[in-house]
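Since the structure of chain A is provided, determine the placement of chain B on it from the hints.
Take a look at the letters that make up each chain.
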Amino acid sequence: MSEGSFRRVRSIAKKEVVEFTRDWRTIIAIIVIPLLMFPLLFILFPVLLESEAAELDALELSIVIQTDGLPENLADNISTSGMNYTIESLPDTTYLSEPGQDLERVRNSSTDAILRFESNDDIWGYAILHLSTSERSNEARNRILNVLNEWENSEIKERIEQGGLDVNETLDPLRWDGEISAGDVATTGEQSGMILSLFIPLVLAIWTYSSAIQPSIDMTAGERERGTLEALLCLPCTRMELLFGKWLAVATITGVGVLLQIFGLLFAIGYLASSSFIGVPQLSIASILLIVLAIMLFAIMVVAFELALAMRSHSVKEAGSILAPALMLILFPALFTQVINLDGIEGFWFAIPVVNILLALRELLMNRVITEHVIIWAVSSIVYASLAAYYASKQFSREDIVTSLS
Amino acid sequence: MAKSLLSIREVTKNFAEVEALQDISLEIYSGEIVGLVGSNGAGKTTLLRLMAGVYKPSSGTVVLSNGEPVVNMRHELGVVPESTGLYSRLTAWENIRYHSRMHGVKDSIAWARTEKFAQHLDMKDNLGRHTKGFSRGMKQKTALLRALAHGPNILLLDEPTAGLDITSARTVRALVRQLRDEGGTVIYSTHQLAEAQQVCDRIVIIHNGEIRADGSPQQLLDDTETESLEDAYVSLTMDQARTRKEDNARESAFTGWWRRLFTPKTPPSSQEVMESE
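If you read the sequences in order, they're chains A and B.
Residues in the first sequence are numbered consecutively from 10, following the numbering used here.
Residues in the second sequence are numbered consecutively from 1382, following the numbering used here.
Simulated from the structure, these hints should not be mistaken for laboratory data.
From a predicted model like this one, the values you see are computed outputs, not experimental measurements.
Please note that the accuracy of each hint is not assured.
[To be verified] A short, non-exhaustive set of chain B residues, derived as facing chain A with CB atoms under 7 Å:
hint: 1; residue: His1456
hint: 2; residue: Gly1466
hint: 3; residue: Arg1482
[Stated by the list, open to error] Keeping only pairs whose Cα atoms sit at most 30 Å apart, straight-line, the calculated DSS-like set for lysine-lysine is:
hint: 4; chain 1: A; residue 1: Lys23; chain 2: B; residue 2: Lys1513
hint: 5; chain 1: A; residue 1: Lys403; chain 2: A; residue 2: Lys326
hint: 6; chain 1: B; residue 1: Lys1505; chain 2: B; residue 2: Lys1520
hint: 7; chain 1: B; residue 1: Lys1513; chain 2: B; residue 2: Lys1384
hint: 8; chain 1: A; residue 1: Lys23; chain 2: B; residue 2: Lys1487
hint: 9; chain 1: A; residue 1: Lys23; chain 2: B; residue 2: Lys1497
hint: 10; chain 1: B; residue 1: Lys1497; chain 2: B; residue 2: Lys1513
hint: 11; chain 1: B; residue 1: Lys1497; chain 2: B; residue 2: Lys1487
hint: 12; chain 1: B; residue 1: Lys1437; chain 2: A; residue 2: Lys403
hint: 13; chain 1: A; residue 1: Lys403; chain 2: A; residue 2: Lys166
hint: 14; chain 1: A; residue 1: Lys326; chain 2: A; residue 2: Lys23
hint: 15; chain 1: B; residue 1: Lys1437; chain 2: B; residue 2: Lys1520
hint: 16; chain 1: B; residue 1: Lys1513; chain 2: A; residue 2: Lys326
hint: 17; chain 1: B; residue 1: Lys1513; chain 2: B; residue 2: Lys1487
hint: 18; chain 1: B; residue 1: Lys1505; chain 2: A; residue 2: Lys23
hint: 19; chain 1: B; residue 1: Lys1497; chain 2: B; residue 2: Lys1520
hint: 20; chain 1: B; residue 1: Lys1487; chain 2: B; residue 2: Lys1520
hint: 21; chain 1: A; residue 1: Lys23; chain 2: B; residue 2: Lys1437
hint: 22; chain 1: B; residue 1: Lys1520; chain 2: A; residue 2: Lys326
hint: 23; chain 1: A; residue 1: Lys23; chain 2: B; residue 2: Lys1520
hint: 24; chain 1: B; residue 1: Lys1487; chain 2: B; residue 2: Lys1384
hint: 25; chain 1: A; residue 1: Lys326; chain 2: B; residue 2: Lys1437
hint: 26; chain 1: B; residue 1: Lys1487; chain 2: B; residue 2: Lys1505
hint: 27; chain 1: B; residue 1: Lys1437; chain 2: B; residue 2: Lys1384
All C-beta atoms, glycine included, are put in the ideal place defined by N, C-alpha and C.
Pulled out of the complex, with its shape left as it was, chain A reads as follows (with noise of 0.2 Å):
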């Protein structure tokens, strides 16, 4: 590339930053939220259920025990778990768990839940009868359910020491020794390596596609409808020089996204944990560069292939309903190699559009550089994104895109 090329180049990218970024719209799509995203779903949604919780702690609840005879401890217990209740005989049913005549009684919340206590010589027999749909309901199915195993165990024990057996041997025979997480091999580094190779690859496909939509139309399309394109094809560069312009601006803005966002996430992930759960990833030399490679390559492909299909659409809203439904091409993707194991995974995989490239980044987050999978995902990935990079240049150069709506 010559001086004056890169000169013009450096010129389009700067100026669809600026004129792009100045929009406030912008600010809070390409920085606010990316940043706060993960910290608001991973801190602020279970502060949310944390207060649902002990608001759900904190009710009364009323519920009838239908029972023909409830031992003393049982029904102390009910008592100091937050229900009111009052007894009543069994009905005339076949089995407890058939709501009978009591089925409406609970429809229409007359009572949180019924408990049935049968006694049948030294078995006892239980069904409770609830609503699903009422959070009432559940809690208190959820609170009997608590007093209900608590007073199990109580009678086991008591039923063992009856038997003049000693409790814990014979509930627990078999016992680890010392630290569980003593036994895993695997470093901190690595485990922390393992975490963020289930996060960040899935971030990265998906932001990366997402956050290059808006740049994509609106240097493209968007020129195309407010008739500014014309005015820049008149001017002495080439439509390769436009297009790598474009593409530059279009990186640099999805690249500040992504990265925010997988700040925020690790930001949050670490709020989360303790630092023991998510440490700073174990990565070689090797494995840095050939991440920075991978998201390099992965981003070419798929900003030039938004460039070219937002290019060759006459309008804003055209070009938003084909790069929309696109993103299917990354989700499913994306979604489906996380779940593909990579131990002894075949090489073929690594060849996959999109797939391959997220397979890649995690195995190297995992600090594995194999180098069969490195030069299959590379030729791949350089194949792949010359293609799009290829598909994007046709559509530069097509005479029409200098016709405007405006």
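For chain B alone, kept in the frame of chain A given last:
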């Protein structure tokens, strides 16, 4: 005799089955204002885009005086397209500077030229403003400043006064004449004969993709033995203008088979509309 700056030789431009321009030959000389006059769809914009190197001729050549195809010498040209093509989130000066940089001109030189012409166009105070709030006239003037900032030899203007108020149109026309007086060459596309007569040294009448006449306003009157340019124009373009069907065909060459598949071939008649209801 003035030297030829731009030569259009036997140029034909086809869009699929439609010939937008047929065997056009034209010489543009230094220091003249050449008016391209024709009705809508006559081929004026197509010819201007060929001169600007945006379109490639289907046959023939568009070359500058040194024999180089115009597409390789775009820095010699300053173009104001009909849509002005300004970026609304950039200021007027940023728009101008962007194009100047693409032409390889230093900011200081572009600024000096811009300042000079902005004074004439009463735009100096608006150079730092975003063009989003500009009126049509201000946009047109900014586009003109942008086209002049790198010091082009030839200025291509596509309907530069379309949609302008009287004062703005006068200012633009005055600047064009001033540029000519300073030795500049201007190609001025318009469909208003009165404007062409007022501004242009030479008028090229285009009709249905052909050049029907080429000469000074007086020459056109003499050749057609008429007393007004309007009469001259009518006598030169007696045949019916291209139909909408041809325009559609030209358009459809760009829009792909799938679009045509879903486009009705003919609009339904009122009878058909009533029946369908």
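Consistency of the hints with the structure:
no.	hint	result
1	His1456	5 Å, holds
2	Gly1466	3 Å, holds
3	Arg1482	5 Å, holds
4	A:Lys23 x B:Lys1513	20 Å, holds
5	A:Lys403 x A:Lys326	22 Å, holds
6	B:Lys1505 x B:Lys1520	13 Å, holds
7	B:Lys1513 x B:Lys1384	41 Å, violated
8	A:Lys23 x B:Lys1487	16 Å, holds
9	A:Lys23 x B:Lys1497	27 Å, holds
10	B:Lys1497 x B:Lys1513	23 Å, holds
11	B:Lys1497 x B:Lys1487	16 Å, holds
12	B:Lys1437 x A:Lys403	15 Å, holds
13	A:Lys403 x A:Lys166	78 Å, violated
14	A:Lys326 x A:Lys23	25 Å, holds
15	B:Lys1437 x B:Lys1520	28 Å, holds
16	B:Lys1513 x A:Lys326	21 Å, holds
17	B:Lys1513 x B:Lys1487	26 Å, holds
18	B:Lys1505 x A:Lys23	25 Å, holds
19	B:Lys1497 x B:Lys1520	17 Å, holds
20	B:Lys1487 x B:Lys1520	23 Å, holds
21	A:Lys23 x B:Lys1437	29 Å, holds
22	B:Lys1520 x A:Lys326	25 Å, holds
23	A:Lys23 x B:Lys1520	22 Å, holds
24	B:Lys1487 x B:Lys1384	29 Å, holds
25	A:Lys326 x B:Lys1437	29 Å, holds
26	B:Lys1487 x B:Lys1505	19 Å, holds
27	B:Lys1437 x B:Lys1384	24 Å, holds
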